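A.B. asks: So you can see what is in the structure, the chains are spelled out below.
2 protein chains.
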Amino acid sequence: MKTYFDCLPCFLNQALRAARIATGDEGKIKEVLDEVGSMLKDIPLESSPPESGRLIYRKVSEITGNWDPFREIKDKSTKKAMSLYPSLKSHVKKSNDRLLTAIRIAIAGNVIDFGPGRAFDIEKDTDKTLKKEFAICDYNKFKDCLDKADEILYLGDNAGECVFDRILIEEMKKPVIYVVRNTPVINDATYEDAVKAGIDKVATILSSGTDAPGTVLKTCSLEFKNIYKNSKFIISKGQGNYEALSNERCAIFFLLTVKCRVITNDIGAKEGDIILKGINIGSSPI
Amino acid sequence: MKTYFDCLPCFLNQALRAARIATGDEGKIKEVLDEVGSMLKDIPLESSPPESGRLIYRKVSEITGNWDPFREIKDKSTKKAMSLYPSLKSHVKKSNDRLLTAIRIAIAGNVIDFGPGRAFDIEKDTDKTLKKEFAICDYNKFKDCLDKADEILYLGDNAGECVFDRILIEEMKKPVIYVVRNTPVINDATYEDAVKAGIDKVATILSSGTDAPGTVLKTCSLEFKNIYKNSKFIISKGQGNYEALSNERCAIFFLLTVKCRVITNDIGAKEGDIILKGINIGSSPI
Numbered sequence: 189m190k191t192y193f194d195c196l197p198c199f200l201n202q203a204l205r206a207a208r209i210a211t212g213d214e215g216k217i218k219e220v221l222d223e224v225g226s227m228l229k230d231i232p233l234e235s236s237p238p239e240s241g242r243l244i245y246r247k248v249s250e251i252t253g254n255w256d257p258f259r260e261i262k263d264k265s266t267k268k269a270m271s272l273y274p275s276l277k278s279h280v281k282k283s284n285d286r287l288l289t290a291i292r293i294a295i296a297g298n299v300i301d302f303g304p305g306r307a308f309d310i311e312k313d314t315d316k317t318l319k320k321e322f323a324i325c326d327y328n329k330f331k332d333c334l335d336k337a338d339e340i341l342y343l344g345d346n347a348g349e350c351v352f353d354r355i356l357i358e359e360m361k362k363p364v365i366y367v368v369r370n371t372p373v374i375n376d377a378t379y380e381d382a383v384k385a386g387i388d389k390v391a392t393i394l395s396s397g398t399d400a401p402g403t404v405l406k407t408c409s410l411e412f413k414n415i416y417k418n419s420k421f422i423i424s425k426g427q428g429n430y431e432a433l434s435n436e437r438c439a440i441f442f443l444l445t446v447k448c449r450v451i452t453n454d455i456g457a458k459e460g461d462i463i464l465k466g467i468n469i470g471s472s473p474i
Numbered sequence: 189m190k191t192y193f194d195c196l197p198c199f200l201n202q203a204l205r206a207a208r209i210a211t212g213d214e215g216k217i218k219e220v221l222d223e224v225g226s227m228l229k230d231i232p233l234e235s236s237p238p239e240s241g242r243l244i245y246r247k248v249s250e251i252t253g254n255w256d257p258f259r260e261i262k263d264k265s266t267k268k269a270m271s272l273y274p275s276l277k278s279h280v281k282k283s284n285d286r287l288l289t290a291i292r293i294a295i296a297g298n299v300i301d302f303g304p305g306r307a308f309d310i311e312k313d314t315d316k317t318l319k320k321e322f323a324i325c326d327y328n329k330f331k332d333c334l335d336k337a338d339e340i341l342y343l344g345d346n347a348g349e350c351v352f353d354r355i356l357i358e359e360m361k362k363p364v365i366y367v368v369r370n371t372p373v374i375n376d377a378t379y380e381d382a383v384k385a386g387i388d389k390v391a392t393i394l395s396s397g398t399d400a401p402g403t404v405l406k407t408c409s410l411e412f413k414n415i416y417k418n419s420k421f422i423i424s425k426g427q428g429n430y431e432a433l434s435n436e437r438c439a440i441f442f443l444l445t446v447k448c449r450v451i452t453n454d455i456g457a458k459e460g461d462i463i464l465k466g467i468n469i470g471s472s473p474i
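Same order as they appear, the protein sequences are chains A and B. So the number in my numbering is just where the residue sits in the first sequence, counting from 1, plus 188. So the number in my numbering is just where the residue sits in the second sequence, counting from 1, plus 188.
Same shape as in the complex, but just chain A (with noise of 0.2 Å):
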């Protein structure tokens, strides 16, 4: 996805919460906001937002000398979500559709995004969300390469996310390849927040390579690009990932809740949307 000119104030914004989350120096908030006010204008149209968005989280660590300001964040929304998990099980395990639900609750764990500013509650949103229908909805598709599929590379997204994730993983029954982030970025999952989700019992737990919000491959490393290009079957979690990768050639099916008005507009559906979506399915990965 392109950058649209909603992006450059929204980027500001982000800027400033991140900012304020990393220091209380108002000195040095009001210098992120200098700062990243005069970079908008470098920012290139062509590029995905969160290609930028790196940038722009980079100076906020730059300035305030904080490089993991979600941190604490990122632990709290992982504990909240274990708490959930058991009842979250069960949930699947009464349902007719064991493996929708799964997705459905992997897509609800979406909700936990400190990147587009939206308040949210994990578990009153979590509920909402299992009773939403589809906006767009894949499922058949999803369901045939399933089957077909001897591995999957599952591109998580956000911190405590992971968790819920790990629920999908369990239904899919197949061998998994985890990604998260290189390094931290707002509350996008880590090695160690996967980790802490137990994602690491279910699954292969690999770094994308990039600290971008999302996965950019120019900025990934080499042997993810390798993994990824050979993969049959992926899945992109969340904005950020369907930002980067929503104009590739692989087969990737997007699981999100939609939660901005630009993402509205490229993908066509409303804000509180959820999403199942494949792209180039049936045809060769690059």
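Hints listed in this document are in silico derivations from the structure and should not be mistaken for laboratory results. Each hint should be verified, as a subset may be incorrect.
Which copy? The list can't say, so a pair holds if one copy fits it or any two copies do.
[What the hints assert, rightly or not] Quick list of in silico lysine-lysine cross-link-like pairs, DSS-like style, CA-CA up to 25 Å:
(1) K277 x K264
(2) K229 x K218
(3) K458 x K312
(4) K218 x K190
(5) K320 x K281
(6) K190 x K216
(7) K247 x K218
(8) K216 x K229
(9) K229 x K247
(10) K281 x K331
(11) K282 x K329
(12) K362 x K417
(13) K331 x K319
Remember, predicted model here, so these are calculated numbers, not experimental data.
Starting from the known structure of chain A, arrange chain B on it as the hints suggest.
C.D. replies: Same frame as chain A, but now just chain B:
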């Protein structure tokens, strides 16, 4: 009121919205974003938001070449408000406290604001406001001052809202000077808009001389400033006027609907709250 950090991304959002209304030329819209983004670092936080807003909206007009982008929107608002006038008048007539109802109506009209980017529906929001409790209500002080006043200086805010102001002016039964912006800025009322609302039939219309989206005294005409400093009873409508005048030493009654988070913190109320707040009441004007 000073400029808060949150005002800076908001300025950029306002510039984007205004630019889109002013032109369909994407290159010019991008130029607005680039220029305004770079301007943000030079905004003095000790100045009030409309003082900087003035520079932002001028930049939008300079770049797009459109010096009254909200003209059509303003005319539509006035037309809609005029269509509600008879039912609002009858609402006043039927009420137990005509003056308080007219104040409520004047505040309800303050929802017609294209600055903060909140969606609104004039008719529905008016109905809601008429049933709302005040978050701050200095009504007794207001009545006292009105009783003693020989003349009222009424600082208008937006086009369309003028029609609602007219109802309050008609109920106060005292001579009123109704103040408008000198030059179009956002959907703020100018002389033309006040006349279209029939204000000329019930008050003397006066330009403040400013092109800011608020009565920023240092940008006002000498004529206006003389009248202002000799006024014993000032009514100030809306957020922009509140932001510009909340630290002044004159006796002023602020009538507004709270439409952004920054104001909620400054005034001590919630978004959507309605306010009748007097400052410096009983003290002499400067």
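A.B. asks: From the Cα coordinates, with 25 Å as the cut-off, is the pair K458 and K312 best called within, between, both, or neither?
C.D. replies: Result: close both inside a copy and across copies, 19 Å intra and 23 Å inter.
A.B. asks: From the Cα coordinates, with 25 Å as the cut-off, is the pair K281 and K331 best called within, between, both, or neither?
C.D. replies: within (18 Å within a copy, 66 Å between copies)
A.B. asks: Between copies, within a copy, both or neither: which fits K229 and K218 at Cα up to 25 Å?
C.D. replies: Classified as both; 18 Å inside a copy, 8 Å across copies.
A.B. asks: Give the relationship of K216 and K229 under a CA distance limit of 25 Å: within one copy only, between copies only, both, or neither.
C.D. replies: Both. Shortest intra-copy (21 Å) and inter-copy (13 Å) distances satisfy the 25 Å Cα cut-off.
A.B. asks: Is the C-alpha distance from K277 to K264 at most 25 Å within one copy, between copies, in both cases, or in neither?
C.D. replies: within (20 Å within a copy, 54 Å between copies)
A.B. asks: For K218 vs K190, is the C-alpha pair at or below 25 Å within one copy, between two copies, both, or neither?
C.D. replies: Between copies only: 14 Å across chains, 28 Å inside a chain, cut-off 25 Å.
A.B. asks: Go through the copies and call it for K362 and K417: within, between, both or neither, with a Cα cutoff of 25 Å.
C.D. replies: within (19 Å within a copy, 78 Å between copies)
A.B. asks: With identical chains treated as interchangeable, where does the CA-CA distance between K331 and K319 reach 25 Å or less: within a copy, between copies, both, or neither?
C.D. replies: within (21 Å within a copy, 52 Å between copies)
A.B. asks: Within, between, both or neither: how does the pair K247, K218 come out at a Cα-Cα threshold of 25 Å?
C.D. replies: Intra 12 Å, inter 22 Å, cutoff 25 Å: intra and inter.
A.B. asks: Quick one: K229 to K247, C-alpha cut-off 25 Å, is that within a copy, between copies, both, or neither?
C.D. replies: both (15 Å within a copy, 15 Å between copies)
A.B. asks: Please work out whether the CA atoms of K282 and K329 approach to 25 Å or closer within one copy, between two copies, in both situations, or in neither?
C.D. replies: within (24 Å within a copy, 63 Å between copies)
A.B. asks: Between copies, within a copy, both or neither: which fits K320 and K281 at Cα up to 25 Å?
C.D. replies: within (19 Å within a copy, 47 Å between copies)
Checked against the numbered hints above, the structure violates none of them.
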